[in-house]
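Participant: Spelled out from the first residue to the last, the chains are:
Number of protein chains: 2
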Amino acid sequence: MKACIFFDVDNTLFPTSEFAELARRNAIRAMVETGLDASERELYKGLQRLIREKGSNYSNHFDILLKRMGVERPARYVAAAVAAYHNTKSSIQPYPEVPKTLMELKKRGYRLYVATNGDAVKQWDKLIRMGIHLFFEDVFVSGEIGEEKGPSFFQKVLARARARPSECIMVGDRMDSDILPAKKLGIYTVRVMQGPYSKGKGKADAQIRKFSELLGIVKKL
Amino acid sequence: MKACIFFDVDNTLFPTSEFAELARRNAIRAMVETGLDASERELYKGLQRLIREKGSNYSNHFDILLKRMGVERPARYVAAAVAAYHNTKSSIQPYPEVPKTLMELKKRGYRLYVATNGDAVKQWDKLIRMGIHLFFEDVFVSGEIGEEKGPSFFQKVLARARARPSECIMVGDRMDSDILPAKKLGIYTVRVMQGPYSKGKGKADAQIRKFSELLGIVKKL
Numbered sequence: 227m228k229a230c231i232f233f234d235v236d237n238t239l240f241p242t243s244e245f246a247e248l249a250r251r252n253a254i255r256a257m258v259e260t261g262l263d264a265s266e267r268e269l270y271k272g273l274q275r276l277i278r279e280k281g282s283n284y285s286n287h288f289d290i291l292l293k294r295m296g297v298e299r300p301a302r303y304v305a306a307a308v309a310a311y312h313n314t315k316s317s318i319q320p321y322p323e324v325p326k327t328l329m330e331l332k333k334r335g336y337r338l339y340v341a342t343n344g345d346a347v348k349q350w351d352k353l354i355r356m357g358i359h360l361f362f363e364d365v366f367v368s369g370e371i372g373e374e375k376g377p378s379f380f381q382k383v384l385a386r387a388r389a390r391p392s393e394c395i396m397v398g399d400r401m402d403s404d405i406l407p408a409k410k411l412g413i414y415t416v417r418v419m420q421g422p423y424s425k426g427k428g429k430a431d432a433q434i435r436k437f438s439e440l441l442g443i444v445k446k447l
Numbered sequence: 227m228k229a230c231i232f233f234d235v236d237n238t239l240f241p242t243s244e245f246a247e248l249a250r251r252n253a254i255r256a257m258v259e260t261g262l263d264a265s266e267r268e269l270y271k272g273l274q275r276l277i278r279e280k281g282s283n284y285s286n287h288f289d290i291l292l293k294r295m296g297v298e299r300p301a302r303y304v305a306a307a308v309a310a311y312h313n314t315k316s317s318i319q320p321y322p323e324v325p326k327t328l329m330e331l332k333k334r335g336y337r338l339y340v341a342t343n344g345d346a347v348k349q350w351d352k353l354i355r356m357g358i359h360l361f362f363e364d365v366f367v368s369g370e371i372g373e374e375k376g377p378s379f380f381q382k383v384l385a386r387a388r389a390r391p392s393e394c395i396m397v398g399d400r401m402d403s404d405i406l407p408a409k410k411l412g413i414y415t416v417r418v419m420q421g422p423y424s425k426g427k428g429k430a431d432a433q434i435r436k437f438s439e440l441l442g443i444v445k446k447l
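Sequence lines, in order, name chains P and F.
Going from the first sequence to the working numbering is simple: count from 1 and add 226.
Going from the second sequence to the working numbering is simple: count from 1 and add 226.
No wet-lab data here; the hints were simulated from the structure.
Don't take each hint at face value.
It does not matter which identical chain is used: a pair holds within one copy or between any two.
[Claimed, not checked] Computed list of lysine-lysine pairs in BS3-like fashion (alpha-carbon distance at most 30 Å, straight line):
| hint | residue 1 | residue 2 |
| --- | --- | --- |
| 1 | K382 | K293 |
| 2 | K293 | K409 |
| 3 | K429 | K410 |
| 4 | K410 | K348 |
| 5 | K409 | K326 |
| 6 | K280 | K348 |
| 7 | K348 | K293 |
| 8 | K228 | K326 |
| 9 | K293 | K326 |
| 10 | K436 | K271 |
Bear in mind the structure is a predicted one, so any value in this text is a computation, not a measurement.
Turn these sequences into a full structure, and let the hints steer you where they fit.
Facilitator: Structure, rendered in C-alpha cells:
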C-alpha cells in the first residue's frame, strides 16, 4: 500500500501546451479585431518566429512583433493582445476527470502533493485558477526548493513529506524530469501519455491515457 | 458649436479609486481564504502602510507584506492575492451612463478623444476592458506623447486632432492636470465631480455630477 502521490503540473494536470496555443491565437484575433491591418496568418507566423528566437516567455513578444512590422503607436494592439492572452491563460481547466480522481484518492486516504519545476507563484496561480489547490497537502516547486527536478530535488521533497520512496508514487508526463529521477530513488512512476512530451521514448512503471486510470493502478499497489 | 471632446480616463470614465480599493480587499480575502493565518483587518492595515511607503504600484506589495509578517513560503498566498487583484481590476466598469452618453455624442457628430496620463498600454487596456475604445477617434496618452498633461501636452494633442482650442471641450476630474492646462489654452472645460480629486478646490467652466449632464452642457455651446 502506497501512502503519498506526487503530481507534476504542466501537461499532467492540465493541457499547458494547448492553452498556450489558444492564448496566442486569441491574442492575435484581438489585435485584428481592434483594427490592426494584418492577417491572422501573417501575425501567427511572425509570432512563431519570435518564439523560436526568444523562447516562450511572452512578456514582450507582442510589442516586438508589432515593432518589427513597423506598426506606429502599437499600444492599443499590445493592450488588446495581452488582455486576450491573459484572459485565456487565466481560464485554464484541468484535464477531464482530474478533480474527480483527486477527490477519490483523498477519500481513499492518500496524501497528495505537487512536485513541479517553475516559479512558485506561477505554479500556485495555476492550481488556484483550476480550483484544485486544496487537494494537496503541500506544493513543492523548484523555484522555492532551490533546484530543478532531479534525484536531489526528489530527495528533499521526500524529506519534507516525511515519506520513504517505497511508499510513494510520482505522476508526470516527462521522462527527463518526472519519471527517471523519481524511478532512480525507487519511487513508483506513472507516466501520463498526453501533451507534447508524451511522444518521447522511455517507460515508466505504468502508463495512463486517461487520468482516472490512476485509480485502478493505485489499487493494485 | 464645438467639434471635439477630450476625456480623461481615471476617475472620469470609471471609478479608478473604488476599483483599486475593491481589488485590494478581494486580494486580502483571497489570502485568508487560501489559509493564511491572519485577520483581514491586520492584513489591510499592513497593506495601507506599504502603499503609503512605496506608492500604489502593486507589483510586489503582497510579496513584501507577507515577508514582513514572517510568513514562510508565501507563494500560495501571493498567487491567490495577485489572481484576485487582477480579476477585480480586469472587470472594471465605466461610471453609470458613460457608454450611453458617448454614443449620443457620437450620434450628434462630435469627434471624441481620450487625453490621459499614464502608460499607453495600461490606458488602452482599461478602455478595451470597459468596451468603450471604439468610441474614440484617437487616444492620447502621456507615455506615448512624451510628456505629462500640461499646456504643451494639450497643444500637441490639438495639433494631432487638427482642432482649434475654441472648438474643443476637455472633460476631467483633476484641476491640476485636466482643467487648468486646458483652460489656459482656451479649451472649454468640464469637471467631473466624482472620485477623490473632485474634493480639491477650483472651478472649471462647468461642473457635472452625473456623466449624462454633459449632453445638456454641450448642447448650449
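Participant: For every hint, state whether the structure bears it out.
Facilitator: Going down the list of hints, with the structure as the test:
Only between protomers do K382 and K293 lie at most 30 Å apart by alpha-carbon distance; the minimum there is 23 Å, versus 45 Å within a single protomer. For a Cα distance limit of 30 Å, the shortest separation of K293 from K409 qualifies neither inside one copy, at 47 Å, nor across copies, at 36 Å. Taking identical chains as interchangeable, the C-alpha atoms of K429 and K410 lie at most 30 Å apart only when both belong to the same chain, with a minimum of 13 Å there against 76 Å between chains. In this assembly of identical chains, K410 and K348 lie within 30 Å of each other by CA distance solely inside one copy; the values are 28 Å within and 49 Å between copies.
In the homo-oligomer, the alpha carbons of K409 and K326 lie at most 30 Å apart inside one protomer (27 Å), although the nearest pairing across protomers, at 64 Å, exceeds that limit. In this assembly of identical chains, the alpha carbons of K280 and K348 lie at most 30 Å apart whether taken from the same copy (20 Å) or from different copies (24 Å). In the homo-oligomer, the alpha carbons of K348 and K293 lie at most 30 Å apart both inside one protomer (28 Å) and across protomers (18 Å), since each shortest distance falls under that limit. In this assembly of identical chains, K228 and K326 lie within 30 Å of each other by CA distance solely inside one copy; the values are 20 Å within and 63 Å between copies.
Within a single copy, K293 and K326 get their C-alpha atoms no closer than 46 Å, and across copies no closer than 35 Å, so neither meets the 30 Å cut-off. Neither within a single protomer nor between protomers do K436 and K271 lie at most 30 Å apart by alpha-carbon distance, with minima of 33 Å and 47 Å respectively.
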